[in-house]
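Fit chain to chain and form the complex, with the hints in mind.
Chains as they are written, first to last, in my numbering: chain A, 14 to 386; chain B, 167 to 549.
Please keep in mind that the hints were generated in silico from the structure rather than gathered at the bench. Do not rely on the hints blindly, as some may be mistaken.
[Claimed, not checked] Just so you have them, the derived chain A footprint on chain B, three or more residues with Cβ under 8 angstroms: (1) 191 to 203; (2) 307 to 313; (3) 377 to 384; (4) 519 to 531.
A virtual CB, placed ideally from N, CA and C, is assigned to each residue, including glycine.
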Amino acid sequence: MFVPSITNPVGDFVREMVPRLAEYLPASIQSDTLNSIVAFLVNALICVIAVCAVNIGSAPILIYMERKVCAHVQCRLGPMRLGWHGTIQTIADVLKMLFKEVYAPSGADKLMFYLAPLIVLIAPFIVCALIPFGRDLVVADVSMGIPLIIAVNGFGVLGILLGGWSSNNKYSLLGALRSGAQMISYEISFTMILLFVVMISGSTNLMSITLGQEGTISDWWIFKIPVLGIIAFILFFISSTAEMNRAPFDIAEAEQELTGGYHTEYNGTPFAMFYLAEYIALVTNSALATTCFLGGFLPPCIGVAFVDNYLNMVPGVVWFFAKVFFMIWCYMMVRWTFVRPRVDQLMDFEWKFLLPVNLVLLIAGAAYIVVCG
Amino acid sequence: MIQPRFSNLPPGFRIQRETNTEEFFINMGPQHPSTHGALRLALRMDGETIVELVPHFGYIHRGMEKQAESMSYLQYIALSDRQDYLTAIQNNLGVVIALEKGMNVGVPEKGEYIRVMLQELGRIASHLVFYGCFGGDLGGQTCLLFGFKEREMIHDILEEVTGSRLTTNFFRPGGSRYDVPDTFIPRVKAFLDHLEDAMRDYERFLSKNIIVLERSIGIGVLSKEDAIAYGCSGPVLRASGVEFDVRRANPYSIYDQFDFDIPVFHNGDCYDRYKIRIAEIHESMKILRQCIDKFPKDGPWRSKEKPVRLPVGRYYSEIETAKGLYATYVVAATTGEKPYRIHTRGPSFPHIAALNKMVQGHKVSDLVTIMATLDPVIPEIDR
Chain A
14 MFVPSITNPV GDFVREMVPR LAEYLPASIQ SDTLNSIVAF LVNALICVIA
64 VCAVNIGSAP ILIYMERKVC AHVQCRLGPM RLGWHGTIQT IADVLKMLFK
114 EVYAPSGADK LMFYLAPLIV LIAPFIVCAL IPFGRDLVVA DVSMGIPLII
164 AVNGFGVLGI LLGGWSSNNK YSLLGALRSG AQMISYEISF TMILLFVVMI
214 SGSTNLMSIT LGQEGTISDW WIFKIPVLGI IAFILFFISS TAEMNRAPFD
264 IAEAEQELTG GYHTEYNGTP FAMFYLAEYI ALVTNSALAT TCFLGGFLPP
314 CIGVAFVDNY LNMVPGVVWF FAKVFFMIWC YMMVRWTFVR PRVDQLMDFE
364 WKFLLPVNLV LLIAGAAYIV VCG
Chain B
167 MIQPRFSNLP PGFRIQRETN TEEFFINMGP QHPSTHGALR LALRMDGETI
217 VELVPHFGYI HRGMEKQAES MSYLQYIALS DRQDYLTAIQ NNLGVVIALE
267 KGMNVGVPEK GEYIRVMLQE LGRIASHLVF YGCFGGDLGG QTCLLFGFKE
317 REMIHDILEE VTGSRLTTNF FRPGGSRYDV PDTFIPRVKA FLDHLEDAMR
367 DYERFLSKNI IVLERSIGIG VLSKEDAIAY GCSGPVLRAS GVEFDVRRAN
417 PYSIYDQFDF DIPVFHNGDC YDRYKIRIAE IHESMKILRQ CIDKFPKDGP
467 WRSKEKPVRL PVGRYYSEIE TAKGLYATYV VAATTGEKPY RIHTRGPSFP
517 HIAALNKMVQ GHKVSDLVTI MATLDPVIPE IDR
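With the rest of the complex left out, here is chain B (with noise of 0.2 angstroms):
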């Protein structure tokens, strides 16, 4: 018996040479152009077929949650930027939310408006770049930078009220650090007037295009009663047929009074989960226009205190951000600055969990594929 080469992985996946010659071993990552990042993809392939996945994760580990410990509760809001940088902005809600349960803290109604509507445009922005990067890995480089030059007008516009354009750091007990400027309104305006249009070129672009059905439709299917053994969430549990989404099933905020379709499709393959974000973009859209109308153009855009401690307790808060569902959960062990633990249930981890059962038979093309429409950010799978 030979020494398998790779003596680090699990069993079951060593190289059998006498047995089994026809079957060779690929690392695909951590530096790869399409993992997304630093995601290690160990491959078994006979040919050009995949046999078996095992993702490595940990390439990028910070341990926030660790650091999380040390840090004070608002220090953390900053902290919850960097897991899903795509979806800070939704991120900063989900752990403010966990905190607001317990600082007793109430949000005034502009407070609130400015949330959802800032929660949207960040679920727009990670949805585009979800179509930039569907459209390139399956090798089209302009749908790429199609996508993003949409999201940098979001990203201006966030600029305009956040102060910075990736890592937002934005919200806090209460409301949120700033007002918005009296520009935004219109900006946000103009700019849902321009995605409608874009939007139509853009679906032109990819979704009827035959080649990208070729590639899509039937690949890596992920079944109902899998989606949901694995954990899966947002719009890749959807795509299964579930009917499952945070903002409806366990309203936060005030997403109780909004008028708003859950987008599902029943085939759980790669065109479905494309389909339904370009659903939820409409969505999106649909929920910022009913906030223009709605937004009050007065009043207090923040509660008069401004708490930092925390009672002793365990606080829990889910959201639904672009990838899925995302939950914080906070220990205070002692009423002060300081959480015990903080612990995060990200979206993207269990997605790439179930990405073995979604390959196995498929080539390596449609690994890339599969990979893109489970659309996961590798640092909040480390963290």
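This is chain A alone, in the form it adopts within the complex (with noise of 0.2 angstroms):
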């Protein structure tokens, strides 16, 4: 029977330490009991503050490299006021966020109104903590890691929807359903994706399907298997813009069309965390498809005697952070350059083309498998 594991690289290093320093402790209050409480405690702060470090700082860090992407895409400069190039602008508005009143429209349902934001922000979070930035730099190493990322996945749609119904306004609701129909149907191409790195790769480890990439280039699996992996990288681009609610398939908030879909009546905090939601759902998809496709933390290039121990000097997650800005900027430049389609031409893109393609895909993938694995 196969048994779900869970290790946690982090846990291991403090289980060892905490029985150690807890030497230096008068030999009264020494016991097993109390030390691995601590131990649990120590690694439970750490696991939290890391996963809140990467992904709180990194927001800030993305949304001056939107604008600043934005800005050179559309012949502007961008921010360049406050600090150099305009550096410290996020931060300033930020704060000017946090520091704003907080309200409900009238006629809201204040307890949705307010869980909402706190919902959408679950997903990313649990996503993130599950991603390998390195070899031994991965809050929790589970062994059903694809699974687990699909699940918690659907969480995002729960809060957009709340948000979008409890703030009493038509605009709101139509985003929030536009929203739920757009991430629902897209979810399921980008399960199947999913499924198709798991196929080629025999794991649902995260770590596994990281390290089955090693070798050059060639090995990654968006190469590995001719053609079809390019194809299973640019359907996973696709499906996780709209999975994200990103423009060009941004239907969900439709500035244009619904003065900002459901986070219209959001301000302050609430909507600093919508805000915040999005980049990081956009730093996990781009992990994601790193650790899938582009090879994770791995240097391109191992085995090759010249370049071997040059790009073995740079450590796993600098090489794992270049890849997931690389995708970020992607993401980034498509954002600015298409419009957006309308809402049944997006439905109707996902199921008569993403999933016929993507089954015609995984049955593809099955027959390379077959024959030539």
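Here it is, written out as structure tokens:
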């Protein structure tokens, strides 16, 4: 029988260190129970701080990056005044947002209204904890990584639906309904592509998926299976864009049509949370693409004598974030280039094009494994 | 029977809760990002599909025609800037031509060339704003900035010539306020060369984009008959297959001396209304190039006399602005500096009236596209 397992390198380290440090304490209060409780708490604290640091720390950087990418696409300079090339601008904006009065519109369901931004934040945080940032840099190395990611990703739509419904605004409601339909539909093709990755890598564990790509660039899953890998990567790119509600698939927000969609009525901190969730989702989706297709934290060439030493000098986490930021840059370029499809066209695209293509891809992948693998 | 919630709405527009629970009411505007100003659209919706639309005007009504009665004719020229601020320089000409008919004053050749060149620059500027808003309303914020980038260059030229960027207040009976500076012709020439390249990029950006095609072809079709019946004019009318352009049908200034085409498209949908404006930018560039070649180096740029008084009578002028037919009707009851009445026929008002016909059965997203291709300017509707 298959038993799901969780390994936690940080936790192992803490469990080892706590008893050693405890030896310095007076003998009267030493006990194994206390040690294990302390180890558990320290471990939890480290993990929570790590995830929060990665998530919340990356959001201002990404917002700055988005504004700069957007500006340069549009022949502008973007923020330039505050700090060197406007680097402190985002922090100033965040501070302004945090100091604003928080209020709900009249007739809103207050509990749901304030709960929704929190629910939206859950999914990207959990996904972030599962992703291996380096050989030992993973909060929870879960054997059922991919199924867990698929399961938690569904949480986002709940928050958006609640937020739109509880605002007591018709535009919000329309945005929420659009978003619900969109995210649930695109989740299917999103899942299918992850399934394709699981099929070719033979594992649902994100660490083994990464380590399976060890070698040169041609060993990454995007190139390892000719043509199919690239198709899968492009399909992943499309469906994850829709999954994140990012332009050109941002019909849930659709500023020109719905004046902001599901977060029309939000301001101050709750709005900042929606914003934060959007950008964390960007990081986690890029990280997922990196892990599943682009070799994760592995350097692009392993085993080639000439460059091996130089490439290995760079730590894995740097490779990882370099690839993640490349992916994020791609998402941003797409966002500022394309116009938005209509809501029914978006649905048609998923059900009549992406899904059939995904099914064919799965079958082709299976055939490839049977014939060549 | 439940009391209708929006009792100020016209009958047939009220929410009949018992009979039709599927339909609901949405208020789009007066503060909404894509109504292009303070316009309120009351929508009756079935899900995301629009069943009926009623436009409500008047949110920035300033009583311009009433104001004109206590103003001198020359002051009213400044007021005409504030009607359709995107085609301000063209509105100036519309008023001035009506006045010239009564004041019996001719314009020297150089003055006419200045008029035509500024007209066409204004037309390009307005169509570039359309390009930006069309892309922006479809969700591509980048297009918005692209359109405005080249428009800024036109405004730089206008600033040098007229002294202001948007509300130009430039033309006068018998010519214009100032002569153009020596740098005018080289600047326009350089701008045209730049625009030629820029338009190639912009068309590549939007014209063949599959999402744009999907969202605009067959959307908001206005038939030839409806377009005439509603009194549409300008690009909206020509996109529906009617070849009518005041510059050709009833030439004013020296438009009869230039060689240019009137682009006509026949489907009357959003894509045709987009394409026709792109084609018109190219036609305007053609006219501008001819102007540059034939521009008189010296000679007077305005008439000797500077009339301010209009004799008793009724005077009418119509010109083709970027939006369509802009007509001015002046009634002078006494010979003097002030009119008895001035009426303006703006192009955007009939277009908004035709909106209900065009949006029925389409989605909210399509309404935004259709609004963008009608290219209305609300201050001109309300006046």
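Hints, one by one, checked against the model:
1. Interface restraint, the region 191 to 203 of chain B with chain A: holds (4 residues with C-beta to C-beta distance below 8 angstroms; minimum three).
2. For a cut-off of 8 angstroms, the count of residues in the region 307 to 313 of chain B with a CB near a CB of chain A stands at 5, and the three-residue condition holds.
3. Given a C-beta distance limit of less than 8 angstroms, the hint that chain A covers the region 377 to 384 of chain B holds, as 4 residues qualify and 3 suffice.
4. Look at the region 519 to 531 of chain B against chain A: 3 of its residues bring a Cβ nearer than 8 angstroms to a Cβ of that chain, three or more, so the hint holds.
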